[in-house]
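Respectively, the protein sequence lines represent chains A and S. Each residue of the first sequence is one higher than the one before, starting from 1 at the first, in my numbering. Each residue of the second sequence is one higher than the one before, starting from 1 at the first, in my numbering.
Hint data in this document are derived by calculation from the structure and do not stem from the laboratory. It is possible that some hints are incorrect.
Pairs of lysine-lysine, DSSO-like flavour, derived with a Cα cap of 30 angstroms [as the list claims (entries may be wrong)]: (1) K834/S to K934/S; (2) K22/A to K69/A; (3) K350/S to K441/S; (4) K195/A to K24/S; (5) K24/S to K22/A; (6) K610/S to K633/S; (7) K24/S to K194/A; (8) K662/S to K610/S; (9) K834/S to K848/S.
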Amino acid sequence: MPDDDVELVRELRSGDESALGKLFSAYRPRLLRMVNFRMDKRLKRRLDVDDILQETWMGIAQRLPHFLKQPEAASCYVWMRLVTAQVMMDIYRRHLGTKARDAGRDFSLDQFQNRQATSESIANFFVARNTSPTQAAARTEATEQIRQVVAEMDPTDQEVLALRHFEELSNSEVAQVLEISTTAASTRYIRALKKLQEVMQRHPDLA
Amino acid sequence: MNKPLPQPDDASPTVDELAEEFLKRRRSGEVPDIEVYATQYPDMAEDIREVFPALMAMESLKRDWEKAAHNAETNSSVPVERLGDYRLLHEIGRGGMGIVYEAVQESLDRHVALKLLPQHAVTDATYVRRLQREARTAAALHHSNIVPVLGVGQEQGYHYIVMQLIPGAPLDRVIRLLREPGGESLAHSISSQPDTAIAEGALGMLIESAQATPITEPAGSVLSGLVSAPGNSLRTTSWQNKEAASEHVETSALQTPTSSDRPASAPDSPGYWRLVARLGSQIASALEHAHGRGTLHRDIKPGNILLDLQGAVWVTDFGLAHATDGSNATQTGSLAGTLSYMAPEQFDGKSDERSDVYSLGLTLYELATLRPAIPSGTRAETVARATEASPPRPRSINPNIPADLQTIILKAISQDPAHRYQSAAALAEDLCNFEEDRPIKARRVSAFERFRRWCRRNPWLAMSTSGCVLLLVLATLAAVLGYAHESQQRQKMQSMLTILVDSLEHVYDRFIPEQISAPSLLISSEDETQPSVLSGKAALSPEAAAMLEELLPAFDKLAQQFNDDDSLKANAAQANRRVADIHVQLGNYDRAIAAYREAIRRYTALPDAKQWLVQIAVAHNEIGNTLLQQGNKTGSTAAHRDAIELLLTDVPVVEGRSDTSKLLHEQRFELARSWFLLGKRGRRDQLGPPVPNSGPPEGEFSDRRGPQRLPPGRLSGPGRPGRMPAGGPEGRPHMGMGRADEHERHRWLQLAIDELNQLIQQQDLPEYSYLLAMCLRDRSHTLDSADSEAAIAVLLELTEAHPTIARYRYELSRTYAAVRVTGLSGTTQESAMKRLRQSIEHMNILMKQHPDITAYAISAAHTNHLMSMLLMESVHAASEFERELLASEATIHAATALSLQRQAMRSSSTGPTEAFWLMRFAEVGSEAFMMDHKPILAASVLQEAERQLVERRSGDLAGDDAEQYDRAIRALRRRMQEKRPGPPR
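Assemble the whole structure, with the sequences as input and the hints as a guide.
Here is the structure:
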């Protein structure tokens with residue numbers, strides 16, 4: 001599949017606009033993932049993810065020239081993801097509007113990465129697996145532990161975990177999104193995993 | 001925007017890269033082993049062992065999150081919270097016609113299942129009424145295996161149906177579970193329990209887990225929680241923990257991939273089969289109840305059958321498929337599967353009780369084999385598979401399936417409704433018989449019978465999957481025949497052979513009967529004296545040609561193989577004839593003649609050759625036709641005479657005429673045909689070397705088997721030297737048509753006409769009248785004489801009596817079109833126009849019925865061309881006002897002629913003759929446009945034609961053909977130049 005992508009991107013760059021649609025279709029599942037993962041809870045009920053993707057598609061089609069200006073090696077998926085994020089931002093503003101301001105949240109693109117939410121979500125999800133009642137008690141403690149561990153992680157490390165697993169990005173894509181080098185992204189990832197492993201070993205119920 | 005770009009990777013993989021690969025493999029469904037990685041990369045082993053488990057944990061986290069998100073979405077997203085008395089809770093499933101929710105009926109405080117119907121249909125009043133009627137019918141059904149309908153309503157723009165809530169799972173989910181590795185043991189444990197209660201309890205477990213499984217979750221993970229395999233270090237063995245997933249890959253139990261075409265488990269416990277039968281008979285009895293009350297289900301499939309926690313089966317959605325007029329598949333995209341349970345006749349809109357039997361049969365098939373009988377593909381594919389192919393026999397998928405169960409299933413899913421159980425009750429009865437170890441009523445269909453049915457069903461499918469299949473069968477037959485000494489076996493083989501030959505013939509007939517090999521002659525040219533000739537190959541569609549090419553080796557083989565066996569020699573000879581016929585169609589005239597001769601030789605060599613007299617005569621006549629195609633009139637005449645001589649063997653001569661009254665009808669007919677072939681128009685030698693695209697054989701008769709097969713008969717009397725009828729001089733071959741020739745022609749035709757008249761008195765078969773009409777037409781002195789009228793009358797009668805036989809209408813149309821268009825007076829012009837219009841009308845009908853036969857288009861093109869010429873002729877005598885109309889009508893016909901001709905040229909391999917005509921049509925068309933005061937269109941018509949010809953010319957290589965193209969192009973250019981004053985292009 002990656003080879004197909006490369007081929008399509010090449011076609012796109014050489015002027016074949018129909019390749020854009022194909023690329024979007026190919027990337028759609030991942031973009032869907034991203035939207036699902038990142039979407040603010042408050043909006044989940046009101047918004048149809050398909051609608052968001054529809055708007056994203058229009059945004060992508062409009063901003064194609066922007067992608068074409070980027071250097072050859074730039075990942076198309078990363079760019080599409082960026083557009084999706086921008087679209088989501090626009091939608092948020094439309095729906096949450098002034099209320100968001102009141103809540104004291106600043107909707108910069110950084111914030112959109114939703115770091116705080118990320119660490120919480122990750123931790124919760126981590127622990128939510130065990131539904132057995134006997135483990136419920138242990139759970140709270142474990143949750144806390146994990147949350148702390150994850151929260152103490154460098155925000156970028158958290159992001160790396162989320163991107164690698166929840167959005168299923170590759171290392172080089174992660175690097176592009178976070179605007180760091182691949183080595184850096186890789187190192188962070190391994191480091192984060194090691195930290196998690198430590199916590200897991202201390203709480204057998206979590207494994 | 002200066003982003004640092006990703007740097008190139010190192011040569012040896014880093015832990016991260018390995019991790020990425022590991023992840024990728026996991027995500028694609030594999031179960032890679034951490035230890036393997038650690039061993040393979042020892043220097044990174046420590047890191048690997050640290051990092052990989054955390055990695056997997058993250059992955060499983062993600063999966064959980066997905067599941068939770070999915071559940072949250074579906075469970076919490078009820079589109080509306082209340083509908084009247086009902087409060088919707090959460091979604092429990094999706095069906096063919098809507099989404100099912102669990103709801104609470106407030107007034108009675110009970111939980112029910114509420115099905116919301118798709119909104120799009122809501123506004124249609126007829127739909128609503130139908131729905132209500134169906135719901136009422138369904139509500140009237142009371143059976144322990146039918147989900148009761150409690151109510152139907154309409155509220156806030158939603159239509160809904162309320163049903164009893166059945167805690168359980170639909171069969172499709174259960175089957176999915178059973179397919180997974182481990183499913184086998186589950187099935188085993190369910191069915192092998194001696195204690196019913198435990199068995200049902202186990203079944204209940206199965207159901208609950210099926211319930212809990214969202215569609216996307218690989219079932220293996222759930223299943224592994226249920227089945228405790230040795231060495232499995234899963235945390236929980238209690239099946240309560242549905243989420244105890246297979247995420248701990250350290251176990252080796254789950255190394256097998258979860259998705260495969262063959263189910264990983266193949267049940268083989270006797271209890272399982274009894275279970276299948278039991279479920280089947282419950283469903284069948286439910287169907288019987290409904291059928292008895294006049295309701296069909298129409299959409300039986302595993303998704304519509306619920307298995308409850310006690311192991312009882314419930315059928316849901318009765319009759320509702322009908323309410324949406326059965327077009328389930330056109331609704332939400334996820335329902336392509338519905339199609340694959342429909343009975344073949346349902347695609348044509350005809351369903352009855354047996355269609356439900358069929359669908360149930362397919363469901364049982366799937367329960368038994370754990371595989372859908374007809375896998376769903378694109379809509380078109382699924383329909384094709386359902387209507388044409390039979391699914392593989394169950395025991396070929398799982399040999400453990402008991403033969404009786406297979407027999408029952410196969411009977412239920414017979415393609416032909418007449419071969420199925422005629423009622424659900426009959427099916428239920430046999431299933432009970434099976435379950436209780438009694439003999440079943442269904443008869444196993446013998447291989448022979450199966451073969452016969454298959455042949456009948458798929459005559460040309462058999463061929464289109466290449467004659468190879470049939471060749472193989474033939475080869476086998478031949479081999480077996482060699483060893484078959486017992487007469488009974490031989491007889492069987494003989495009948496198989498006959499069936500085979502029959503089906504081959506059937507295929508041939510399908511492609512050829514109405515296929516005119518070419519419109520023969522009788523396209524009146526504009527100057528009436530020379531009937532023009534069209535190319536032979538033009539009218540054979542590429543598909544037909546391809547099909548024929550495939551048939552050829554099959555017949556050939558047949559001819560060879562069975563010539564050694566006396567009893568089959570006749571078949572061989574017959575096959576030879578077919579080979580020859582095909583060669584004719586394909587234009588391989590030399591080979592055709594050789595094959596005909598071979599056929600004659602074989603027939604003659606048969607011990608009772610006399611009984612094949614007619615066949616031999618036909619072969620001679622075909623040789624005659626073929627030789628004519630090649631421009632060899634002399635040879636052709638000789639061949640026809642041979643036929644006549646043969647047929648007149650032993651015929652007495654009375655008063656100078658042969659008394660044919662004692663001959664069999666077939667013989668008399670063939671005799672008349674021989675005379676006709678001698679006397680028909682257009683018999684001439686070609687100037688120059690024979691060209692394949694010269695005159696066509698009289699397609700209608702060249703492969704006719706005559707009105708009926710010749711039964712073995714006897715000819716009386718010893719052989720006497722044959723003689724020519726009525727002692728006329730032998731026709732000497734001439735170049736062109738002289739007076740003497742004309743006289744000769746008429747003589748032959750007269751003989752034919754007389755013979756036919758007598759024959760018709762004795763037996764009025766349409767073919768006799770048809771040939772008579774042809775004779776009359778060819779005899780007519782001028783193109784629209786009394787004979788011509790008579791021919792039209794006969795053909796008209798034939799067409800009306802047999803509207804589906806294209807030949808009659810075709811010849812009728814062409815006879816209508818055989819008119820002069822020049823030099824006519826006012827009244828005759830009128831009648832000519834009338835005839836042309838009728839001709840066009842009939843040809844239009846033919847083109848509609850058989851859009852793929854080029855000959856019709858070509859013929860219509862010519863007729864339109866004539867019409868436009870006629871109209872232009874009539875302009876001179878018309879009033880000022882009329883001129884406009886006539887001219888404009890002329891342009892319409894000219895344009896039609898051009899477009900049809902272009903169409904014909906596109907769709908098949910046409911030669912330069914068609915190109916010539918295109919040029920001619922363009923010339924006349926441009927004249928018409930000029931007459932209609934449209935000079936620009938006039939010029940463009942010529943230009944377009946020139947362009948096309950040049951295009952064709954560039955691809956054409958044969959010398960002669962190229963010459964003809966050039967001529968046509970030159971003519972066009974000349975005309976174009978004439979139009980334009982000034983320097984030539």
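Status of each hint after checking the structure:
Between K834/S and K934/S, the direct Cα distance comes to roughly 27 angstroms. Compliance with the 30 angstroms bound is thereby established for this hinted pair. Distance check on the hinted pair: K22/A and K69/A sit about 20 angstroms apart at the alpha-carbon level, within 30 angstroms; holds. With a C-alpha separation of about 27 angstroms, the suggested pairing of K350/S with K441/S holds against the 30 angstroms cut-off. Between the alpha carbons of K195/A and K24/S the distance comes to roughly 22 angstroms, so the proposed pair stays at or under 30 angstroms and holds.
The suggested pairing of K24/S with K22/A holds, with an alpha-carbon distance near 22 angstroms, which does not exceed 30 angstroms. With a C-alpha separation of about 29 angstroms, the suggested pair K610/S and K633/S falls inside the 30 angstroms cut-off, and the hint holds. Taking the CA atoms of K24/S and K194/A, the gap is near 20 angstroms; set against the 30 angstroms cutoff, the hint holds. Restraint check for K662/S and K610/S: the C-alpha separation of about 15 angstroms stays at or below 30 angstroms, so the hint holds.
A threshold of 30 angstroms between alpha carbons decides the hint, and for K834/S with K848/S the separation of about 21 angstroms falls inside it, so the pair holds.
Comparing the model with each earlier hint shows no violations; every hint is respected.
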